[in-house]
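Undergrad: Please build the complete structure, drawing on both the sequences and the hints.
Next come the chains, spelled out residue by residue.
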Amino acid sequence: MTRVVLWGTRGSIAAPGPDTARYGGNTSCVEVQGDEGTILLLDAGTGLRRLGASLPRRLRRVDVLLTHLHMDHIQGLGFFAPLHDPHVEVHIWGPASVTQSLYARLTRYLSPPIFPVRLRDLPRLPVLHEVPAARCDIGEFCVSTCLVCHPDPTVGYRIEAPNGVIAYLPEHEPALGAKKFPLSRQWTSGYTLAAQADMLLHDTQYTLAEYAERVGWGHSAVEHSFAFAALAEVKRLVPFHHDPAHSDDDLDRLYAQAVATLKPPFNVTPAMEGAVLELGGGR
Amino acid sequence: MTEGKEVEILRARQLASSLALPIFLVDPHGDRLYYNEQAEAVLGYRFAETGAMPALEWATIFRPYDEQGKPIAPEQLPLMIALTRRQPARSTFWIKGMDGRERHIEVMAIPLVGQAARFLGAMALFWEV
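So the protein sequences, as listed, match chains A and B.
Going by the numbering used here, the first residue of the first sequence is number 1, and it counts up by one from there.
Going by the numbering used here, the first residue of the second sequence is number 1, and it counts up by one from there.
Hints were generated in silico from the structure; no laboratory data involved.
Be a bit skeptical, because a hint or two may be false.
Claimed, not checked - DSBU-like cross-link-like pairs, simulated, lysine-lysine; straight-line CA separation at most 35 Å:
hint, chain 1, residue 1, chain 2, residue 2
1, A, Lys263, A, Lys235
2, A, Lys179, B, Lys70
3, B, Lys96, A, Lys180
4, A, Lys180, A, Lys235
5, B, Lys96, B, Lys70
6, A, Lys180, A, Lys263
None of the values given here were measured: they were computed from a predicted structure.
TA: Structural data, given as C-alpha cells:
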C-alpha cells in the first residue's frame, strides 16, 4: 500500500499558531512511501525538518521532488538531516531557469547571507536532476513532470505507483486568462498530469473573492480546483496549500461549503498536517 | 488520454486573448493552434468555426498576395519564416479574408522557444494598415 504523509500543507509562509493547529502551519512537504521502501518527498517546505528526523536510520537514498524554487517550497532543505549525513544519497529534482542551472538557483538560498551552509560544503553533494524531463522510474514509482501555470518555472508531478496514481500540483493557476473555466482538457494547464488520478493534491489557496484581487499570483480559488479535478476525472481531491490567513475554522467552512454547493463527483479530503492517506485502486 | 498543450503555449494563448492586437499561434509543424478575437475580425472567420488547421491549408486559405498582386508562396510568409528559420520576420501584404474582403495587413512573427530551449511554434502579430 502506498502511503502519503502530509508534513506541510500551508501555502506561502509558515503559519503556526492556535488558529491553524489542525490544518497545520508548515509549508508544502509531502512524503510518498512505497511498498518496496522507496521514499519520495514532494517539495521541501518547512515540514521537511520534522520529516527528515522521522526517516529510518537505514535509509540510503531519498528523492526530493521540487515543484519550483519559491521559498515556501525549499526552506526546509537547510534543515533536512539526510543532507548532512554522508551515508544518504539525496537526489533533488527541480526546474532550472532559462539562464541558470538548478544548482546555481539552489545556491541562492543555500549560501550566505541567506543561509550559513553552502551547498558545496555539505558532506555529500546531492545529485541534482533538472525537470521537466522524460518519464523516469524511481524505485517502484514512475514519475512524469511538466511545466504548469505559475510564475517562474514551476512543474507538477504525476507519480504512478503499483496501486494508483498521485498528481501533485500545489501551486497552480489553471484559470488564468480563461473567460470561463475550465476550458477544454487540451487547453487546461496540468490536465495531462492529473488525468484520472486516484489522488490529486491541488492548490486551493483562495476564495473566489480573494482570487479576483490576486489574478496572476499563481494560485487557484477552491472552486477552480474543484472544476479542475472534475475535468481531470480524479477519484479524490486533496485541497492543499492553504492560505496563511485562513484559520482552521475558515477552512472547515470553506471546504464544507464547496462540497455542499458543488457536489463534486469525487471524494474531498482537505489536507491536514500529520494526516496519512492511503492510495488504493489500480494503476 | 488527451495531451495537454505546453504551458508556454497556454500562456501565449492567454496573452493573445487579453491583448487588443490580432494574434495567431501555430505549433512547430506550422499547424494553426489558435487565433484571438481581434484576429477573427481581420481574417474574417471565427476560431470556434475553423478550429485547428494544418499549415498548408491556412497558409493558402487567405490567398496572400503582394503589392503587385502576385501570390506569395507560403514559405515567404513571416510566420513560416519564424517557424522554419527560427528567427523573427516582418512583412506587409494583402490577404483575402474568409469573408471575401480584401485586406492590407502588416505582420510580425516570432519563434516561440520555451524552457530548456524547446521549440514550441511561432506567434504572429498583425493588423490592417
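Undergrad: For each hint, tell me whether it holds in the structure or not.
TA: Status of each hint after checking the structure:
A threshold of 35 Å between alpha carbons decides the hint, and for Lys263(A) with Lys235(A) the separation of about 14 Å falls inside it, so the pair holds. Taking the CA atoms of Lys179(A) and Lys70(B), the gap is about 41 Å. The hint is violated against a cut of 35 Å. As the CA atoms of Lys96(B) and Lys180(A) are separated by approximately 32 Å, the hinted pair is consistent with the 35 Å bound. With a C-alpha separation of about 24 Å, the suggested pairing of Lys180(A) with Lys235(A) holds against the 35 Å cut-off.
With a C-alpha separation of about 13 Å, the suggested pairing of Lys96(B) with Lys70(B) holds against the 35 Å cut-off. Distance hint between Lys180(A) and Lys263(A) is fulfilled; the C-alpha atoms sit about 19 Å from each other, no more than 35 Å.
Going down the numbered hints, you'll see the structure goes against just number 2.
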